[in-house]
Structure formats: structure tokens, C-alpha cells
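Protein chains: 2
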Amino acid sequence: MPKGPGSAKRGIPTKEDFNAWYPAIVEIADLVDKRYPIKGMDVWKPYGWSAMGHIDTLVRTEMRNTDHDEYNFPLLVPHDLLDKENKLVQTLKMAREQGVDPSELRIEEEIGGFEKEVYWVKHAGEHDLDVPMFLRPTSETPMYTMFSLWIRSHADLPLKTFQIVNTFRYETKQTRSFIRVREIHFFEAHTAHADQSGADAQIDEDSDIVRRLLHDLCLPAIISRRPVWDTFPGAWYTNAVDAIMPNGRTLQIASYHHYRDQWARAFDITYEGADGSQSNCHQTTFGMSERLLGAVVGVHGDDAGLIMPPSIAPIQVVVMPVAAHLDEAVEPQASTIVERLKKSGIRARLDSRDMRPGAKHYDWEIKGVPLRIEIGPRDLSSDSFVMTLRTGGKDSHPIDVLEEIVSKSLEGVSTELRARSSNLMESKMAVLQSLPQKPSDLDEGMVYEVAFDGNDADAEKLEKSTNLTLLGDLLEPYEAPRICIITGKETLRRQHLARMY
Amino acid sequence: MPKGPGSAKRGIPTKEDFNAWYPAIVEIADLVDKRYPIKGMDVWKPYGWSAMGHIDTLVRTEMRNTDHDEYNFPLLVPHDLLDKENKLVQTLKMAREQGVDPSELRIEEEIGGFEKEVYWVKHAGEHDLDVPMFLRPTSETPMYTMFSLWIRSHADLPLKTFQIVNTFRYETKQTRSFIRVREIHFFEAHTAHADQSGADAQIDEDSDIVRRLLHDLCLPAIISRRPVWDTFPGAWYTNAVDAIMPNGRTLQIASYHHYRDQWARAFDITYEGADGSQSNCHQTTFGMSERLLGAVVGVHGDDAGLIMPPSIAPIQVVVMPVAAHLDEAVEPQASTIVERLKKSGIRARLDSRDMRPGAKHYDWEIKGVPLRIEIGPRDLSSDSFVMTLRTGGKDSHPIDVLEEIVSKSLEGVSTELRARSSNLMESKMAVLQSLPQKPSDLDEGMVYEVAFDGNDADAEKLEKSTNLTLLGDLLEPYEAPRICIITGKETLRRQHLARMY
Numbered sequence: 002m003p004k005g006p007g008s009a010k011r012g013i014p015t016k017e018d019f020n021a022w023y024p025a026i027v028e029i030a031d032l033v034d035k036r037y038p039i040k041g042m043d044v045w046k047p048y049g050w051s052a053m054g055h056i057d058t059l060v061r062t063e064m065r066n067t068d069h070d071e072y073n074f075p076l077l078v079p080h081d082l083l084d085k086e087n088k089l090v091q092t093l094k095m096a097r098e099q100g101v102d103p104s105e106l107r108i109e110e111e112i113g114g115f116e117k118e119v120y121w122v123k124h125a126g127e128h129d130l131d132v133p134m135f136l137r138p139t140s141e142t143p144m145y146t147m148f149s150l151w152i153r154s155h156a157d158l159p160l161k162t163f164q165i166v167n168t169f170r171y172e173t174k175q176t177r178s179f180i181r182v183r184e185i186h187f188f189e190a191h192t193a194h195a196d197q198s199g200a201d202a203q204i205d206e207d208s209d210i211v212r213r214l215l216h217d218l219c220l221p222a223i224i225s226r227r228p229v230w231d232t233f234p235g236a237w238y239t240n241a242v243d244a245i246m247p248n249g250r251t252l253q254i255a256s257y258h259h260y261r262d263q264w265a266r267a268f269d270i271t272y273e274g275a276d277g278s279q280s281n282c283h284q285t286t287f288g289m290s291e292r293l294l295g296a297v298v299g300v301h302g303d304d305a306g307l308i309m310p311p312s313i314a315p316i317q318v319v320v321m322p323v324a325a326h327l328d329e330a331v332e333p334q335a336s337t338i339v340e341r342l343k344k345s346g347i348r349a350r351l352d353s354r355d356m357r358p359g360a361k362h363y364d365w366e367i368k369g370v371p372l373r374i375e376i377g378p379r380d381l382s383s384d385s386f387v388m389t390l391r392t393g394g395k396d397s398h399p400i401d402v403l404e405e406i407v408s409k410s411l412e413g414v415s416t417e418l419r420a421r422s423s424n425l426m427e428s429k430m431a432v433l434q435s436l437p438q439k440p441s442d443l444d445e446g447m448v449y450e451v452a453f454d455g456n457d458a459d460a461e462k463l464e465k466s467t468n469l470t471l472l473g474d475l476l477e478p479y480e481a482p483r484i485c486i487i488t489g490k491e492t493l494r495r496q497h498l499a500r501m502y
Numbered sequence: 002m003p004k005g006p007g008s009a010k011r012g013i014p015t016k017e018d019f020n021a022w023y024p025a026i027v028e029i030a031d032l033v034d035k036r037y038p039i040k041g042m043d044v045w046k047p048y049g050w051s052a053m054g055h056i057d058t059l060v061r062t063e064m065r066n067t068d069h070d071e072y073n074f075p076l077l078v079p080h081d082l083l084d085k086e087n088k089l090v091q092t093l094k095m096a097r098e099q100g101v102d103p104s105e106l107r108i109e110e111e112i113g114g115f116e117k118e119v120y121w122v123k124h125a126g127e128h129d130l131d132v133p134m135f136l137r138p139t140s141e142t143p144m145y146t147m148f149s150l151w152i153r154s155h156a157d158l159p160l161k162t163f164q165i166v167n168t169f170r171y172e173t174k175q176t177r178s179f180i181r182v183r184e185i186h187f188f189e190a191h192t193a194h195a196d197q198s199g200a201d202a203q204i205d206e207d208s209d210i211v212r213r214l215l216h217d218l219c220l221p222a223i224i225s226r227r228p229v230w231d232t233f234p235g236a237w238y239t240n241a242v243d244a245i246m247p248n249g250r251t252l253q254i255a256s257y258h259h260y261r262d263q264w265a266r267a268f269d270i271t272y273e274g275a276d277g278s279q280s281n282c283h284q285t286t287f288g289m290s291e292r293l294l295g296a297v298v299g300v301h302g303d304d305a306g307l308i309m310p311p312s313i314a315p316i317q318v319v320v321m322p323v324a325a326h327l328d329e330a331v332e333p334q335a336s337t338i339v340e341r342l343k344k345s346g347i348r349a350r351l352d353s354r355d356m357r358p359g360a361k362h363y364d365w366e367i368k369g370v371p372l373r374i375e376i377g378p379r380d381l382s383s384d385s386f387v388m389t390l391r392t393g394g395k396d397s398h399p400i401d402v403l404e405e406i407v408s409k410s411l412e413g414v415s416t417e418l419r420a421r422s423s424n425l426m427e428s429k430m431a432v433l434q435s436l437p438q439k440p441s442d443l444d445e446g447m448v449y450e451v452a453f454d455g456n457d458a459d460a461e462k463l464e465k466s467t468n469l470t471l472l473g474d475l476l477e478p479y480e481a482p483r484i485c486i487i488t489g490k491e492t493l494r495r496q497h498l499a500r501m502y
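Chains as they are written, first to last, in our numbering: chain A, 2 to 502; chain B, 2 to 502.
FYI, nobody ran anything at the bench for these hints, they're computed from the structure.
Here the structure is a predicted model, which means the values were calculated and not measured.
Careful: at least some of the hints might be erroneous.
Copies of the same chain look alike in the list, so a pair counts if it works inside one copy or between any two.
[Stated by the list, open to error] Straight line, CA to CA, 25 Å or less: simulated SDA-like cross-link-like pairs of lysine to any residue:
1. Lys409 with Ala305
2. Lys123 with Leu83
3. Lys439 with Ile487
4. Lys16 with Glu405
5. Lys123 with Pro138
6. Lys35 with Ser149
7. Lys395 with Met430
8. Lys35 with Pro315
9. Lys344 with Glu405
10. Lys395 with Gly413
11. Lys161 with Ile29
12. Lys174 with Lys343
13. Lys40 with Glu71
14. Lys40 with Gly346
15. Lys429 with Arg419
16. Lys35 with Leu158
Starting from the given sequences, assemble the full structure and let the hints guide the process.
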């Protein structure tokens with residue numbers, strides 16, 4: 002594996018070789034330890050867990066600002082609750098017989114599939130359980146069982162809930178830290194509304210929340226309505242958020258689903274209206290996971306290690322005394338700087354380890370700390386400090402304006418990361434005007450934009466010809482009509498083809 | 002079931018009938034919903050989850066202040082890792098043959114018992130797993146497997162870790178919210194030290210942490226060194242913290258264990274000293290759980306509902322506009338009060354629901370909000386506000402000193418709760434001078450202090466005669482010798498007998 006400039010001694014592959022860089026950096030930067038003896042279940046180290054905790058805090062703040070309440074549901078789900086989901090299948094079958102929207106038709110094939118992906122608990126102590134249980138992959142079943150008890154009248158609506166919990170999936174594909182794991186640190190919001198328009202408004206709110214989070218994490222993304230066949234079971238439609246990783250593969254980092262009243266019919270979630278009538282609720286869900294951290298690691302890092310967006314950096318500023326043995330005022334000054342920064346709400350850490358400054362730099366560079374401050378005898382005498390940005394640049398500043406400069410510089414790092422990640426994304430995207438003769442004629446590691454308005458069979462043809470997957474309709478269609486790559490008809494539908502994680 | 006004054010209409014049993022009051026109040030106050038279809042796995046409602054979150058925050062702050070780092074280990078434990086624990090049993094057997102401290106001898110009987118109390122995962126998807134796994138009851142096995150990889154040299158010590166996670170126990174006894182559940186919200190700290198004195202110092206630190214937490218939660222407790230036969234498997238000794246509930250039963254709300262090097266020998270946790278020699282670490286653990294919330298609910302509540310200690314109250318102050326239809330300045334003033342309180346770091350909530358004030362009071366009383374502020378036209382004209390303490394007392398105060406009065410009053414509620422809970426504890430304790438003729442001669446619902454210095458057989462006799470359980474040696478022994486209740490010999494050992502949860 003090729004090494005980057007100066008990175009040979011560090012054992013970090015160059016980022017150009019992303020498939021080697023990513024699994025190496027998550028351990029070298031001390032985010033996780035993969036040596037736990039179950040594949041796909043990593044140990045979260047303090048630095049990784051802290052970064053994830055800051056992501057959770059951003060999410061919780063968004064939830065609080067939009068009047069969602071935090072719950073915590075049991076991990077174990079009795080298998081017989083799934084009878085309700087089977088009832089969903091029945092409902093959908095009946096719907097098909099009455100000739101409805103094809104979006105409702107593919108669900109029944111998929112809903113059975115989920116049982117192949119769960120961990121089962123059939124024994125406890127020395128007993129066989131009467132009813133087998135499984136570890137939640139997501140929480141529709143446990144939550145909606147309770148929703149049907151909680152929702153009685155229109156006054157109970159909207160019900161806006163979320164939880165941040167561990168979920169489980171028996172992955173048979175190759176696992177990757179944060180990206181494809183078997184124990185997942187998971188966020189899920191579930192809402193219930195009086196009617197479709199209430200759920201529509203929730204989808205809009207979810208969309209706004211996702212955009213704000215992406216801004217905080219300095220990540221650009223493609224937001225699409227997934228094709229019918231990639232719709233979540235029981236959903237009317239699914240919107241999904243895909244980041245583009247440096248190898249050109251897309252990573253789904255969030256999805257939000259409009260259920261209409263399909264799950265409510267299966268779970269008997271009804272309410273009495275002001276006029277005394279009974280109706281089913283309309284529902285939505287919104288899911289995100291530790292993949293957000295995976296995208297942060299993959300998109301922002303460089304040959305020297307991670308680069309943490311300031312919003313989630315466990316340490317935003319590290320302060321290092323330099324040549325402290327030459328002047329006994331150096332250490333106290335470094336401490337004072339840390340205290341001043343903490344006081345103004347900045348996550349600062351003093352590094353007074355007895356090590357060469359170069360070795361310290363190297364440590365904090367790998368960990369992606371946005372700002373490094375050095376303070377030595379010369380800085381003391383000039384009432385200044387030297388600050389280095391992880392994204393590049395080093396300067397001396399007067400100590401008087403410490404807090405102001407640090408705040409501005411953190412904002413500067415965020416802005417720079419947003420510019421870099423947008424450039425990265427653009428460099429990985431191209432427009433596909435016509436089908437390639439064979440899939441290998443396409444540039445590997447690219448995401449292709451296409452005008453596409455075909456049916457299922459057309460989509461299959463398109464995917465086969467490119468060996469890529471359709472992400473679905475971009476939420477912003479074309480403004481002027483284009484020619485569909487398969488049918489040749491005019492269309493505004495703007496879609497993307499990608500190799501997905 | 003008897004009802005308290007004014008509580009008949011609320012459906013809350015009187016607290017005198019504690020065994021009816023407790024299970025009722027946890028649902029009426031909206032802490033949990035027990036209707037989830039697995040016994041002992043409650044759904045945490047937002048109010049309960051928020052209170053628990055504030056307890057977690059207190060714990061995390063203590064951990065950070067004492068240089069513990071937060072990790073997150075996988076939930077699933079492969080069964081074959083237990084071979085290490087069996088090695089522990091071997092180690093202990095050998096130790097016995099060499100004639101060691103009897104504290105090491107009872108462990109082997111117990112260590113097998115734990116397999117009877119876990120949930121097993123033997124199937125995933127449609128596959129039988131090669132190696133069965135279990136849901137962690139606690140994390141010694143997964144953690145120490147990793148510790149043996151992480152600890153290499155004396156420079157890696159002390160290693161101070163903790164996590165807050167869900168753990169599982171297949172309870173066969175009757176379950177009770179927070180007190181005896183099958184999915185447990187659990188805190189566990191695990192540390193490794195170079196030698197026994199390092200671990201000794203950790204035990205002292207744990208003891209200090211527990212005392213500070215008890216102070217924050219306004220809970221008194223008995224802290225004892227458990228008898229050898231109640232020592233945690235693999236521990237040299239166990240210190241346990243017992244609260245006394247209003248029915249006189251004790252509830253173990255924390256325990257901390259000195260392992261010496263017993264687990265380290267089983268898990269090969271060794272380090273190289275400065276002189277190049279290899280040694281086993283000495284270890285400690287410290288565990289607490291949602292039982293802390295159970296003790297808060299049980300000890301502080303009254304006939305009218307919960308009383309939340311301000312340190313963990315999800316809402317510390319509720320502000321209610323009164324007769325707002327008579328003066329349009331009332332609502333804005335109520336909002337201003339909430340904003341001012343929030344600004345000074347107080348958890349305040351506006352209740353502007355269109356309901357009778359009496360019904361609102363009733364709601365917040367059940368939920369145990371420490372302070373209620375009312376603001377009506379008359380208060381506006383006198384530049385004042387009316388404040389009611391959940392622990393009793395109602396007064397008008399000038400609006401100028403809002404923040405100061407509220408802070409003082411929150412402190413006042415805490416002080417009052419500490420006084421009440423100490424009185425409760427004292428009222429439930431008595432000294433046992435001599436054995437009763439038969440157990441039923443003792444007052445039911447009392448904890449008895451005894452001077453006791455007997456052996457195993459003496460303890461069995463004592464427990465049989467009283468039908469109570471020995472909690473162990475109080476950390477503060479008698480200052481002057483007493484007569485042992487069984488042997489008649491003089492002793493300083495001060496112990497307690499109780500009916501434990």
C-alpha cells in the first residue's frame with residue numbers, strides 16, 4: 002500500500018488508497034478497536050465515543066427544537082408481535098386486489114426478508130422461551146404496539162418521539178467500522194399525525210433537520226426519493242441522504258419515510274376526531290446512525306489523519322507549552338489559555354506531556370484536532386500565541402483577542418471543510434449522456450447523473466448497462482426538460498447512478 | 002387499598018401502603034409504561050428517561066472529574082470467552098489448596114450460577130451460531146479480554162474506564178420498575194492499577210463519589226462491606242450501598258469491588274514494570290443502575306406523588322400564567338420569567354395549557370416538580386410572583402430577585418428532602434440487643450443494627466433467628482466494644498440485618 006508524504010513512519014496508507022486508508026485510520030486515530038472477538042462489533046474507544054456523543058448532542062438539540070420527546074424502548078421484541086406486520090402484508094395484498102399504487106406492492110416480498118437479518122433469543126438461563134424474541138433491527142414493531150395504546154384522540158396528536166439506542170443486524174457482507182456493523186449506534190424518530198398533510202409537513206421538517214445537520218458536519222450529500230423497489234417496507238415513499246466517499250461509493254447516512262396510514266392499519270393505531278369519528282394515523286420515521294461518523298471520517302480526513310469538524314471535535318483546541326524548561330511562566334500561561342477557552346464554551350485541552358513537540362503535533366494531527374496553540378518563552382514576551390489550523394496555516398496572534406481569534410478560526414476550519422468536501426463531491430460526479438457500450442467503459446469511482454423516466458424494466462436495463470444502482474429522484478428536478486437516457490422521452494426527472502456501500 | 006387525603010380522586014394509593022403506591026406512581030407520574038409485552042422490560046417515557054439522563058449526567062461529571070474515560074463495549078459476549086472465567090475458578094482452586102483467605106473460596110460455587118441468569122443468542126437469521134453468545138449481565142469478560150491487549154507497561158496504568166449501557170438479566174423473581182428488571186440501564190466503571198495500593202486508593206475514590214452522588218440525590222444510605230458469601234465472584238471484597246425504602250426493605254443501589262489481581266490472573270492482564278519485570282494488575286469495579294431512580298422515587302415521594310430532587314428534576318420550576326384572560330400582560334410576563342430562569346441555568350417550563358389551575362397543580366404535584374410559580378394580574382401590579390414549594394410552603398416574592406429566590410428555594414427543597422429522608426431512615430432502624438424468640442417477634446419493616454463477630458455458622462443462626470439478611474460490616478465500626486449478639490464476645494464490628502429487595 003502506497004504511503005503519503007511523511008506518513009510512511011506513521012503507518013497510515015495514503016488517502017488515495019481509500020480502501021486501505023479508512024480501516025487503518027479508525028484504529029490509528031483511536032476511534033475504535035476492532036479486535037473484539039465478534040466481527041462487526043467494535044469497541045468504541047473514548048475518542049470515538051466522544052465524537053459520536055457530540056453528533057448525538059446535535060441530533061438531540063434538533064429534536065428538542067422541533068418538539069420531539071426522547072423515549073427508550075426495550076431491545077427485545079417478542080416474535081408474535083410480528084403477526085401485526087403480517088397483517089400489514091395482508092392489508093397490502095387486499096390493496097393490490099383493489100388495484101392501488103404499485104408502491105404498495107413490493108413490500109410483501111421484503112417484509113419476510115428481515116427475519117433473515119436478526120439475532121434471535123430463544124433461550125434464557127436453562128429455559129427454552131415460549132415465544133422467541135429478536136434483537137431490534139429498528140423499532141417499528143415495539144413502538145407501534147405502544148402507540149396503539151397511547152393514541153386515543155386527536156388531542157394526542159401529533160405524537161413526536163425519538164430514541165438513540167443500540168440496534169442489531171446479522172450482516173453477512175463484509176463489515177466496516179461505522180459503515181456496516183452488526184451492533185449499530187442508531188437514531189430513530191417516529192411520529193404519528195392526524196392525516197396525510199400532517200405527515201407531509203413532518204417530512205419537510207425532517208428534510209430541514211437533515212440539511213442543518215449536514216451543514217454542522219460540513220458534509221454535502223445527494224437527497225433522493227428512492228425508487229419504489231428500494232422503499233422501506235410499509236412506506237409510501239422513502240427519502241434517502243447519500244454522501245459520496247472518496248472512492249466514489251455512496252454511503253446512505255439518513256433516510257426518512259412517509260408511511261401514510263399503512264403501518265397504522267396493521268397496528269390499529271386509531272384516534273377519535275373532534276366529530277367522534279375513528280381514523281387511522283398517518284406516520285413517518287427518520288433514521289440515522291454511526292454512519293454519520295463514518296462519513297465524517299471518510300470525507301474530511303487526509304494523508305496525515307482525521308480532520309474533525311469543530312461541531313463534533315472532542316477536542317477543538319489543544320494547547321502545548323513549548324520549551325517550558327526555559328521559562329517557568331510558560332506552563333501557567335498555557336493553563337490560563339485553556340481555562341479562558343473553556344470558560345467561553347470551547348473544548349480545550351492542555352498537553353503538557355513530557356514529549357518532543359513534533360511527536361505531540363503528530364498525535365493531534367492524526368486525531369484531527371482543528372486548532373493547535375503553542376506557547377513558548379518568545380510568545381510570552383510578546384504577549385502572543387502561535388496557532389496552527391489542521392486544515393493548513395500557522396500564525397501568531399495577540400493574546401488579548403484569544404477567544405475571538407479561536408472562535409473565528411474554528412468557523413474558518415468549518416468553512417474550509419465545507420469547500421473541500423463540496424469540491425470532492427463535484428470531482429466524483431459526472432453527467433451520463435448515453436449508455437456505455439459496456440459497464441467498464443465508465444470511470445470507476447464516479448457517481449453519474451442521468452435524466453431517467455423509465456419503468457421497472459427500463460431501470461433494470463440502465464442498472465445492468467452501468468453496473469451501478471439508481472439512487473432515485475433528486476428532490477430538485479431539472480428546470481428544463483432533458484432526454485431520458487433509456488426511453489428517449491423528455492423528462493424533468495433527475496437521478497443518480499452509483500456504487501453504494 | 003387505602004387512599005391518602007385528597008388522593009382518592011387521583012387513583013394513587015397512600016404511601017403508607019408502599020407496596021401498592023410504588024408500582025402505581027411510576028406509571029401515574031409517567032416515568033415508564035409497563036404494558037410492553039415482556040415482563041420486566043418497561044418502556045421509558047420522556048419524563049422518566051429525562052430524570053435518568055440527569056442522574057447519568059451527575060455520574061459522568063464525577064467520572065470526568067476523577068479522570069475516568071468513557072468507552073462503549075459490545076452487548077454480545079461469545080461464550081468461549083468464559084473459558085477465561087473458568088480459568089479464574091482454577092486459579093482459585095489452586096489458591097485454596099495452598100490455603101488462602103476464605104474469601105476466595107466461595108466464588109467457584111457462584112461463578113457457574115451466572116449462566117443461569119443470562120439471555121442466550123444461539124441463532125442469527127436462519128443460522129445456528131458456531132459459538133453461542135449471551136447478552137452481557139455486566140462486562141468483566143468483554144472488557145478484560147480487551148484490557149489484556151491494551152495494557153503493556155506501567156505507563157499504561159492506571160487505566161480508568163467506564164460505560165453506561167443496557168445490560169440483561171433473566172430474572173425469575175417478581176419484577177418491579179427500576180428495582181428488579183430484565184433490561185437494566187447500567188453504569189459500570191472498571192479500573193486497572195499497578196498494585197494493591199493503587200486499587201485501594203480507587204476504592205476510597207469510589208467511596209467518595211458515592212457519597213457525593215447520595216448528597217446530590219438527597220439520599221442517606223448504609224455502606225457496608227458485604228459478608229464473604231455475598232462478595233462478587235472474583236472479588237477480594239465488595240462494598241455495597243443500601244438505601245432503606247419506606248417499607249423497611251433495603252435496596253442495594255451501588256457496589257464497588259476490590260479484585261486484587263484475581264481477574265487479572267484469569268485474563269492475563271500483565272504489565273512490564275520500570276525494572277522490566279512482569280506483574281498482574283490489581284483491579285476494581287464500581288456498579289450502579291436505574292435503581293438510583295427507584296430509590297429517589299421510593300424515598301422522596303408522598304401521597305400526592307413524586308418529589309424530584311432538584312439535581313435531577315427534568316423540570317425544576319414550572320411557571321403558570323393565572324387569569325391571563327383578564328390581563329394580556331400576564332402571558333408575556335410568564336414567558337419572561339421562564340426565559341430569565343433558563344438563562345441562569347435553571348430548568349424552567351411554561352405551562353400555558355388552557356386548563357383550570359387546580360388541574361395543572363395536580364399534574365405537576367404528581368410529577369414532583371420542586372417549584373411552581375404563578376403569575377396573575379395582581380402579581381403584575383405588585384411586581385411580584387407567587388412560588389409554591391413541592392415540599393410545602395407558598396409565598397410572594399419581588400420579581401427583581403427572581404433568580405436568587407429560585408436558586409435558594411431549590412437548595413431549600415434539597416435540604417428539606419435530606420432532612421426528611423434521614424428521618425425516614427432513622428425511623429426504620431433499631432438496635433437488636435438480643436435474639437428474638439421467633440422471627441415474628443421483630444417489628445416488620447425495620448432494619449436492625451447488631452454487634453456481630455461470629456463465623457459462617459453463627460451468621461446462619463443469626464439470619465435464621467431473625468429471618469433477615471446480614472448486610473455486612475458498616476464502614477464505620479463502633480468506637481467502643483459491644484457484645485456480639487451470638488458469641489457473647491466483645492467486638493467493634495457493627496452490622497445490619499434487613500429484608501433486602
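Hints, verified against the model:
no.	hint	in the structure
1	Lys409 with Ala305	within (24 Å within a copy, 52 Å between copies)
2	Lys123 with Leu83	both (16 Å within a copy, 20 Å between copies)
3	Lys439 with Ile487	within (15 Å within a copy, 92 Å between copies)
4	Lys16 with Glu405	neither (33 Å within a copy, 56 Å between copies)
5	Lys123 with Pro138	both (17 Å within a copy, 17 Å between copies)
6	Lys35 with Ser149	between (41 Å within a copy, 14 Å between copies)
7	Lys395 with Met430	neither (33 Å within a copy, 67 Å between copies)
8	Lys35 with Pro315	within (21 Å within a copy, 37 Å between copies)
9	Lys344 with Glu405	both (13 Å within a copy, 22 Å between copies)
10	Lys395 with Gly413	within (13 Å within a copy, 52 Å between copies)
11	Lys161 with Ile29	between (40 Å within a copy, 21 Å between copies)
12	Lys174 with Lys343	neither (44 Å within a copy, 49 Å between copies)
13	Lys40 with Glu71	between (31 Å within a copy, 22 Å between copies)
14	Lys40 with Gly346	neither (39 Å within a copy, 44 Å between copies)
15	Lys429 with Arg419	within (15 Å within a copy, 63 Å between copies)
16	Lys35 with Leu158	between (44 Å within a copy, 22 Å between copies)
When each numbered hint is compared with the structure, violations occur for hints 4, 7, 12, 14.
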